[in-house]
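With chain A held as given, fit chain B onto it using these hints.
If you're matching them up, the sequences are chains A and B in order. Take 358 as the starting number for the first sequence in our numbering and just add one per residue. Take 7 as the starting number for the second sequence in our numbering and just add one per residue.
Derived by calculation from the structure, the hints in this document are not laboratory data. Hints may be right or wrong, so weigh each one.
Unchecked claim - Below, simulated DSSO-like cross-link-like pairs (lysine-lysine); rule was C-alpha separation at most 27 Å, straight line: (1) B:Lys9 x A:Lys750; (2) A:Lys790 x A:Lys736; (3) B:Lys9 x A:Lys449; (4) A:Lys446 x B:Lys329; (5) A:Lys449 x B:Lys265; (6) A:Lys827 x B:Lys309; (7) A:Lys898 x B:Lys58; (8) B:Lys298 x A:Lys469; (9) A:Lys469 x B:Lys329; (10) B:Lys62 x A:Lys750; (11) B:Lys309 x A:Lys767; (12) A:Lys767 x B:Lys58; (13) B:Lys142 x A:Lys750; (14) A:Lys750 x A:Lys898; (15) A:Lys402 x A:Lys562; (16) B:Lys298 x A:Lys449; (17) A:Lys642 x B:Lys329; (18) B:Lys141 x A:Lys446; (19) B:Lys309 x A:Lys446; (20) A:Lys449 x B:Lys329; (21) A:Lys790 x A:Lys750; (22) A:Lys446 x B:Lys103; (23) B:Lys62 x A:Lys642; (24) A:Lys750 x B:Lys58; (25) B:Lys329 x B:Lys314; (26) B:Lys58 x A:Lys770; (27) B:Lys9 x A:Lys642; (28) B:Lys56 x A:Lys750; (29) A:Lys446 x B:Lys142.
Read off the chains here:
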Amino acid sequence: MQIGIDVGGTFTDGVLIENAQVLRSCKVPTDSQALLKSIVHVLEKLLEEKTEKISRIVVSTTLMTNLILEKKYLPTGLILIPGPGLNLKEHKFPFSWEIITGGVDFQGRIIKNLNEQEIVKKVQCLVDKGIQHLGIIGKFSPRNPSLEIQTAEIVNRHFPTLEVKLGHQVTGQLNFIRRAMGTGLYLATYKTFAQFIASLKNALKERDITCPVFILKADGGVIPIDKIMNFTIDTVLSGPAASSFGAKSLLPEKTSAFVMDIGGTTTDFSLILDGNPLLASRGVKISDVYTPVRSLAIHSLPIGGDTGIEIKNNQVTLTFKREGPPACCGGNTPTLTDCMRILNLTDLGDENKARLSFQSLSSKLDLSAEIIAQQALDKAVELITQEINYIFKQWQEEPLYRIWQLLNEKNIKPRNLISIGGPGKPLGELVSKKMNLTHINHPLCQVANAIGAALASPTYEETIRINTEKREISSSWGYFSKNSRQIKGKMSAEEAAGLALQIFKKYLQENGVEAQPEIYHQEVFNMVRGWSTTGQIHEIKLGVPVQVTGLINNKE
Amino acid sequence: MSKYTGLVFFPAFDWAISPTHPEREERLLYTRDQLLEEGVLDFPDIIEYKAKFADKQDILRTHFCLPSFENVITDAHLIAAGSAILIGEAWHHREIKNGFALVRPPGHHAMHVTHGNRGFCNINNEAIMIEYLRKKFGYRKIAIVDTDVHHGDGTQDIFYHDPDVLFISLHQDGRTLFPGSGFINELGGPNAYGKTLNIPLLPGTGDQGINYVFDNLILPVLEEFKPEIIINSAGQDNHFTDPLANMKVTAFGYGSITKKLNPDIMVLEGGYAVETALPYVNLAITLALAGKDFSQIQEPQLKESMLKETSENMEYIKKLCEKLYLIWQNHTNIDLTKIFGKDDYYTTNRQIFYDTDYFIVEQEEAVRRCSDCGGLIIFKSRRKEGRKNPTFLCISIPIYACPRCQQEGKDRFLQECRNNNFEQVFLQNKPEDTYLTKDDYYG
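Same shape as in the complex, but just chain A:
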């Protein structure tokens, strides 16, 4: 039996699954000040008394998302080693930062050295501002982290109490600004995150739960709880990923579908193509923060069941924010859910209360509650339709850099819409009708997010770069090795792939993952200096593909 728990902004959902059957599910309100309480609450509801049969638990938590959105940061500073290039004043960081001399180029060559005195002076400036955590981030550090490491040594000597994290340890992907952000976010939140993980472990121990426990990441992969501190920021936006994977497990294999997860405040959209949730080409952007975190391609609209209805310029429109619970459920203001209640699209709550909340709108416009409700709903459906079309277009317009890719473009057009979440069914039906899609919704859609969490498995997509001229290996997760004896001046594609797999398997092992990695794509660039070949750059994209462990086949 496996358990999946998704701590969302409004509700915490849980499911207990055995042999592709959801045996039990539950939903409790989330206490945003005490997420652990909500998790424990769900666990107790799911488990009753027996715990020995549980084989694994996966938790998806909104903690990291909340910390970033609420900017609950510990005092953190950044030392940046940009070298020549873009003026950093073109960017904004939510942390104090200083620039030091030094530079590395795209091949990992040091083009400018550090200056110890300057480092001490600049770090002192940050310390004077009260920082306790220091990120050191160099441009192109994944290609050669030595300047970051040397700077850290200097900082350790002069400021031994500072907590230091290096950029290349956070991500090995290229994007200096996002790497700096990721490092800052890690430092600014890791203590809070660590406390949460410790108390979660404690809570499980107290209940004699000894099975493996995993935490869900934004790309739908999972990390064992003991390794999660290396991946804290990767747990941002794991909720929408959980929904998308849940949707996948409720669909027949190889289906393509739009996924629409309607919550109280927002609706999240994602895309499943041939049975695989689509990954975003760039890292997560959350409010105005650009991160290096790999995620599914998720789009959000500020429309949900609790979105208010108002009148502007004599037109019915939406408030685009949560106005408390719907009037039919005891709230004060008319919401989208009340519109559906009035039009008899749902039997949630009390119809009279919904009608009552529309009185002032009705009298202002001299229109019946039904007409106003219909207009508000039309507006929501219109915006949702636009967003779905936009997501699809974005996927189609994703830049490609190779001829074979342009010649072999996939031409998939999803014909299905699966709706998830409370007000999912009626809104999903309306949107599907408008877009001429087949609507999929059954009772388990209510807890699809928890199902997605329960079934998620380790997923990876990484890049390894082998530079045979410099005998260096770098990778998208931050692994770096120089003077490797395994590198020959000229390597065949098979040799390069073999070496990459070997390195990657070791990395998986370190993270407690048992899975068979695959090579996704591989290419080699000859480095020509003058008119002769001096080396090669092998770029190998590899990983562990998405695999949801079994489709759900509850028959209703």
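Frame of chain A; chain B shown alone:
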């Protein structure tokens, strides 16, 4: 006006002329790394577009492909040209205020009649985009500024008779570099005299020199010409580290002239210092287009001493600019019969060297003297080696042709099809957007 800068990046990581050729897979690899690492694509005012294919029709509107379309064109060429068109279209629709087609393979050595690859180019990406924009949206007056170190002889050839297209090329003196042309007396054909300006610079010219040329010649001429679109053929081989040329321009220098010129559309041309120049120059150009600070970009190899021009060179550049500006100012008051004679057709013969594919083409070009349009152009073209190589006849009716040039072109096509003296006869009828061969006539 749109606030966005458009970028279409197509590094063609799976295409090379040959494994160690400068035009190989690796060429834009480090440019990609630099743009990614700097986070340039995260700027909300920079849009990245996906490369797309051009249609056969788009190519035939600009070129005669000999012996046939399929012999000259590969998928890579269609994508580079299609991407230039895409940026042009986005600019036309005001999706972007300016844009950069950072694509390969390049195109500015590809001439009106193309037999294959010369100077690493098969088809001319800028020219194909220009003819597309003119045909679809009716643009007329276009200015092209070619800042590649090599003379943009292909672009010059394509627009040499077009009075509506101003072509300005600055490059290393043709006596010292491929393709060996681009001298100041190449000023345009009889119907477009003065609409081609060549600025041959001495080897060793750097930032100071090219900035002077922009301030004192190119910008004033553009100001007077008042084009509807400014296009920059953005070669990057004036860089001080380029292995194929001998100039001293820096990435900052490229950024500054981009800022000065403020082009609507840029298309990458040459530039083969794949590590020491391209990552820095492409970054500088992209930032300059987007109106961002590029002053902190500095190549590791840069030395202060390189930044100053010798006084002899500055003297040469000043005189050159004065002379060319004078020519520009007087170009409408010249007695053209003294240069081009009085015949109905002005005919020239030349040999064109295809350095990459290694053969020579013999070509006769006859342009109808016309005061109402660019004039009907008729080429006879054949590869030189071997006596048995066939001759092709190519008839081009310009896009804004007068009725008489149009009629004469169509009549000539029918006549030549009937006479059957040539291996193949092509008609490029731009006003009607139809592109025919003898086979269509007999078919």
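How the hints compare with the structure:
Restraint check for lysine 9 of chain B and lysine 750 of chain A: satisfied, since their Cα atoms lie roughly 22 Å apart, inside the 27 Å limit. This hinted pair checks out: lysine 790 of chain A and lysine 736 of chain A have alpha carbons roughly 15 Å apart, not beyond 27 Å. Using a Cα cut-off of 27 Å, the hinted pair lysine 9 of chain B and lysine 449 of chain A holds, with the two alpha carbons roughly 20 Å apart. For the suggested pair lysine 446 of chain A and lysine 329 of chain B, the alpha carbons sit about 43 Å apart, so the restraint of at most 27 Å is broken.
At most 27 Å may separate the alpha-carbon atoms for a hinted pair to count; lysine 449 of chain A and lysine 265 of chain B meet this at roughly 24 Å. The straight-line distance between the Cα atoms of lysine 827 of chain A and lysine 309 of chain B is roughly 26 Å, inside the 27 Å bound, and the hint therefore holds. The hinted pair formed by lysine 898 of chain A and lysine 58 of chain B meets the criterion: a straight-line CA distance of about 24 Å does not exceed 27 Å. Between lysine 298 of chain B and lysine 469 of chain A the CA atoms are separated by roughly 24 Å; this keeps the pair inside 27 Å, and the hint holds.
As the CA atoms of lysine 469 of chain A and lysine 329 of chain B are separated by approximately 45 Å, the hinted pair breaks the 27 Å bound. Simply put, lysine 62 of chain B and lysine 750 of chain A have alpha-carbon atoms about 25 Å apart, close enough for the 27 Å limit, and the pair holds. For the hint linking lysine 309 of chain B to lysine 767 of chain A, the alpha-carbon distance of about 49 Å lies beyond 27 Å, and the restraint is violated. For the given pair, lysine 767 of chain A sits about 14 Å from lysine 58 of chain B by alpha-carbon distance, which is consistent with the 27 Å threshold.
Proposed proximity of lysine 142 of chain B and lysine 750 of chain A is supported: the alpha carbons are some 24 Å apart, at most 27 Å. Taking the CA atoms of lysine 750 of chain A and lysine 898 of chain A, the gap is near 25 Å; set against the 27 Å cutoff, the hint holds. Between lysine 402 of chain A and lysine 562 of chain A the CA atoms are separated by roughly 17 Å; this keeps the pair inside 27 Å, and the hint holds. Simply put, lysine 298 of chain B and lysine 449 of chain A have alpha-carbon atoms about 14 Å apart, close enough for the 27 Å limit, and the pair holds.
Straight-line distance between C-alpha atoms of lysine 642 of chain A and lysine 329 of chain B comes to about 55 Å, which puts the hinted pair past the 27 Å bound. At most 27 Å may separate the alpha-carbon atoms for a hinted pair to count; lysine 141 of chain B and lysine 446 of chain A exceed this at roughly 43 Å. Pair hint lysine 309 of chain B plus lysine 446 of chain A holds up; C-alpha atoms about 25 Å apart against a cutoff of 27 Å. Between lysine 449 of chain A and lysine 329 of chain B the alpha-carbon distance is near 49 Å, which puts this suggested pair outside the 27 Å criterion.
Pair hint lysine 790 of chain A plus lysine 750 of chain A holds up; C-alpha atoms about 20 Å apart against a cutoff of 27 Å. Restraint check for lysine 446 of chain A and lysine 103 of chain B: the C-alpha separation of about 23 Å stays at or below 27 Å, so the hint holds. At most 27 Å may separate the alpha-carbon atoms for a hinted pair to count; lysine 62 of chain B and lysine 642 of chain A exceed this at roughly 40 Å. Between lysine 750 of chain A and lysine 58 of chain B the CA atoms are separated by roughly 15 Å; this keeps the pair inside 27 Å, and the hint holds.
Taken as a hint, the lysine 329 of chain B and lysine 314 of chain B pair is honoured in the structure, with Cα atoms around 23 Å apart against an allowance of 27 Å. Proposed proximity of lysine 58 of chain B and lysine 770 of chain A is supported: the alpha carbons are some 20 Å apart, at most 27 Å. Simply put, lysine 9 of chain B and lysine 642 of chain A have alpha-carbon atoms about 21 Å apart, close enough for the 27 Å limit, and the pair holds. Distance check on the hinted pair: lysine 56 of chain B and lysine 750 of chain A sit about 12 Å apart at the alpha-carbon level, within 27 Å; holds.
For a cut-off of 27 Å, the pair hint linking lysine 446 of chain A to lysine 142 of chain B is broken: about 41 Å separates their Cα positions.
The structure shown violates the earlier hints numbered 4, 9, 11, 17, 18, 20, 23 and 29.
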